[in-house]
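**Student:** Residues per chain are reported as follows:
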Amino acid sequence: MRTTRVKDMVLDTALVGSVVLLLVFFYVPIVTLVAFSFTSSRVLTLPIEGFSFAWYGELFRKPDFLPAVANSAIVAAVSTVFATVFGTAGALAWIRYRFRLQSLFRAVTFAPLLFPQLLLGVVMLLWFSVLGNWLGFSTGLVTVVIGHIVYITPFALVIVAVQVHGFDETLEDAARDAGASGWEVFREVTFPLLWPGIFSAATFSFLLSWGNFYISYSLSGTARTLPVFVYSGIAVGSSPIYPALATLNFIPALLLVALAEYMRRRALKRQAAAGS
Amino acid sequence: MKIEQKSWRDPVLIAAVAPLALVMLVFFLVPLVMTAVLTFQTTQYYRLVWTWDLKIWTEVFSKPHYWTIMGRTMVMALICVVLCVLIAFPAAYALATRLKSYSTAIQILIIFAFLTDAVLKTFGWILVLDKNGVANWLLAHLGFPAEALNLLFSPAGTMIGMVYNLVVYPMFTIYLSLVRIDRDLLLAAYDAGASRVRAFFEVTLPLARPGLYSGAILVFVLSLGAFLEPRVLGGGTAPLASELIRQSFETRVNWPLGAALTLVLILIGALTLALVGVIALRNPFGKRRAAA
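As you go down the protein sequences, you meet chains U and E in turn. Okay, so the first sequence: first residue is 0 according to numbering that gives the first Met the number 0, each after it adds one. Okay, so the second sequence: first residue is 0 according to numbering that gives the first Met the number 0, each after it adds one.
Next comes chain E alone, as it looks inside the complex (with noise of 0.2 angstroms):
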């Protein structure tokens, strides 16, 4: 592939670029910049008043209701990666490996179903788990007693729909990790004399971490926001970030405890993404330059 270099003075680069950097500095950065100057400012009868004051940031800092809520949050971002990495990981292996002749039909089956329209794929969760639902007529027609699951409208509904809508995401990274490595080294391992079990462990496995790393975060940030799976299929018993942000939002009408909200996660999720960066880029294994 040829790579050209370009001089900011050259129109090309300038119609290539300039219309999509400016729509993102326009509605993007300067957005993220003005949700931080919101939370210095304060509500009277609902309306915004412009003052430069901490007084959000204290009652932030000193509910511990706001906390809990965080902290839920992030747990249940937490159980959610390891589930969305425990399904993905085998399915995208076997994708990889051994379904090669039946990976594009697949694939678009996935694709399919991860465009889809998600308020109709949850309202169809809710025919599912639903007491007299899809799930339990099956079960009993296996044999199992009469409404055997109770998962809607509990944190596992929640948990059902979050894996159901974030899955596609480390099912591709670890997918495309697996499909980059070069048989010869699987094969150098054998002739080495390692055991299936060992080239997996020592070969596969290292060169597969890009995908799975970045497969985790993007499941732990987007995670992180999650509204119509704990609103719809959690029925609100176990309230997440989401339900206090739309609240201060809707309910209460208060904008910069809104935007305060808003910026303490969008910074658990850069944090987390900076902590993964480093442990990704010391090991050299994990090294995302290594393998370009």
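Just chain U, with the same shape it has in the complex (with noise of 0.2 angstroms):
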């Protein structure tokens, strides 16, 4: 019976272990850079040999990284737009609805997730070079917003679908009952019951837009998002700036995506147990 337990505990220990290993691995990089951008030295090794805001007054004292800022949040803002509505239709129709062509329609808004960004970007250039030739326009950021589209719609219709799938459809009724229209019923009722799951695909489809490299370094042309900046930076030597950089871009990234996750997960809940 004691080896048993022994084993127990030994095998219980293994596998928290591996989750805090696992957050260890995932957080390497982000709190190096967070604690680099701190540094009062020139080169980035430790030990850090002190404290300042240096690289921070250095970034906005020299600031040729905000057209790329004010890029990437154009881009983000318009294909978080554009992806959340596409998502939330879509996941309504994959799960609610049957319909004629469904199969067809579900493999054809869920195979963007299958694809290597590199080889989407690279597709859609080709797409949009040959486009643009016979109608004489060249990519910048609105070939970039329609690539990021294709590639985060298909993030935003699974997350809201989960949302759907637990869905309680007897307040619908309720509402048709009493009176209310179609669009009264997805006004009042369907919308605010999927809200949690909208915000959350929302917020996945900003911070996917916003950290997206691949796709806006195919179809930018000579525009730059943030990534495409970073990207450049980096290929010619490594700079202090860029932890300082990196930090502005984590910290309300994080506060965004714990405040998403929270709702969804509590409105999941919530759905649970009036569902059981």
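Keep in mind that the hints were calculated from the coordinates and are not lab data. It is possible that some hints are incorrect.
Some chain U residues near chain E, calculated using beta-carbon distances under 10 angstroms [stated by the list, open to error]: (1) 25; (2) 91; (3) 136.
A short list of chain E residues far from chain U (calculated; beta carbon distances all over 10 angstroms) [stated by the list, open to error]: (4) 60; (5) 145; (6) 155; (7) 206.
As the structure is a computational prediction, the values presented were derived from the model and not from experiment. Where a beta carbon is used, it is the ideal one built from N, C-alpha and C, also for glycine.
Put the complex together from the two separate chains, hints included.
**Tutor:** Next comes the structure, spelled out in structure tokens:
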């Protein structure tokens, strides 16, 4: 009896340890960047000699990254709106409706998830280049936005679909019985119930677009988004301003992710409790 | 959940389906066809010439150099799959069975790490793996010889980056199939006298198979297109297929060649996907439908 208990403890420790190790693995580069952003030295090696905000100052003294930030913000905002709307409509069509050619619709809307981003970017670049030759345009922010929508919508769709799946439709029936029109039912019942999932999908979409490198790199032409800017910077050599830039990038994202996930999970739990 | 039968004449269905379907058709399916069409064209003085020619495909199939790199890409992808599954499975299992009360917080941390800018994270790895980097500093303080690790600018550096960027996928697919397992099945196995090890191998593992398969295939397919990792962390020491594609576009300005190499990679991914699908369907426990 005692040996099984010891074995259990060893197993439990090993399993919990694997999660801890995984988290350490995930956060090693992130924590490293945040730590180095506060160094006073120019060389990015340990031990960190002194604490300073010097590189944040340096970052804003030469704000050549700001146009890239503006581009990223525009691209992410527009892509998020489209990906979230398409994802929500698509999730309803995936889960709640049955129609002809539905399996084809599912396959086509899911497929971009199975594509390496580089190849997705290249395939679209070829198309936009041919099309641009015929119609006289060149790649830029608009093509980046289209690329992001194609890549990100499947993610948004899957997230909203989880919410649709746990949906309690008796509330909709009740609203309909009370005389609400189809649009009113959607606005007053369906949408508020799906909102945590939609908000989560929007957050996910925004951050996926904001941090996207591959598709922006393929499709941005001469315009630059933030990840493309950083890529061309680190290709030349490492500089102490990147950790500061990274840290400024991480903090709002972390807060947003935590908020969205908290809302979504609370709502799912409530649905599960109401459903059982 | 209520399921509504919809006809294509229903404006609600058209509103829900048509815009997204149109975007995917025009910007995803048509580009794929165009990629295939372009492989039969040629270039002259860096300009595309519309002909119907097998020149590019003859070049692709006659140069062993391309296939060495394709082969290396597939080997790297396979190693990446094995490492990702080995790392993801215990963690997903622990998350589903031991750490339930912390699982939300842990998942938020993982999602955040996944969603942050890949270029910045890759730069972070340079600082960690560099000869004078964080990893060697820590190891030296633990009593290892100076500069114990020399992983940056080697295939090992590439692999660390690939596993780092992709391990999230199997982690979540395996977790999702594990949390769906009905505890009563395990209790029944114990009642029937199965040991915990036996119950794990005969109940848990078969039921986790959809998650294992889908996670593994995602990692394989996505790692075929790894570009940042071999370039930034591998330092170009052992180029992968992505580098070939980049060169054919940027250095050689040969679109048909780039299109053909892209198509080869897509076909490798699609064939693997089909193969795994067939294997998964043949196994009664691997059937996705049976679980749903």
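**Student:** Now look at each hint and say whether the structure bears it out.
**Tutor:** So, going through the hints one by one against the coordinates:
For residue 25 of chain U, the suggested interface contact is upheld, since its CB lies about 4 angstroms from the closest CB of chain E, less than 10 angstroms. Checking residue 91 of chain U against chain E by beta carbon gives a least distance of about 6 angstroms; that is within 10 angstroms, so the hint holds. For residue 136 of chain U, the suggested interface contact is broken, since its CB lies about 14 angstroms from the closest CB of chain E, more than 10 angstroms. Every CB of chain U is more than 10 angstroms from the CB of residue 60 of chain E (nearest about 20 angstroms), matching its label as outside the interface.
A cut-off of 10 angstroms between C-beta atoms confirms that residue 145 of chain E is not in contact with chain U; the least separation is 13 angstroms. Every CB of chain U is more than 10 angstroms from the CB of residue 155 of chain E (nearest about 15 angstroms), matching its label as outside the interface. With a least beta-carbon separation of about 18 angstroms from chain U, residue 206 of chain E lies farther than 10 angstroms from that chain, consistent with its non-interface assignment.
In this structure, the one hint that does not hold is number 3.
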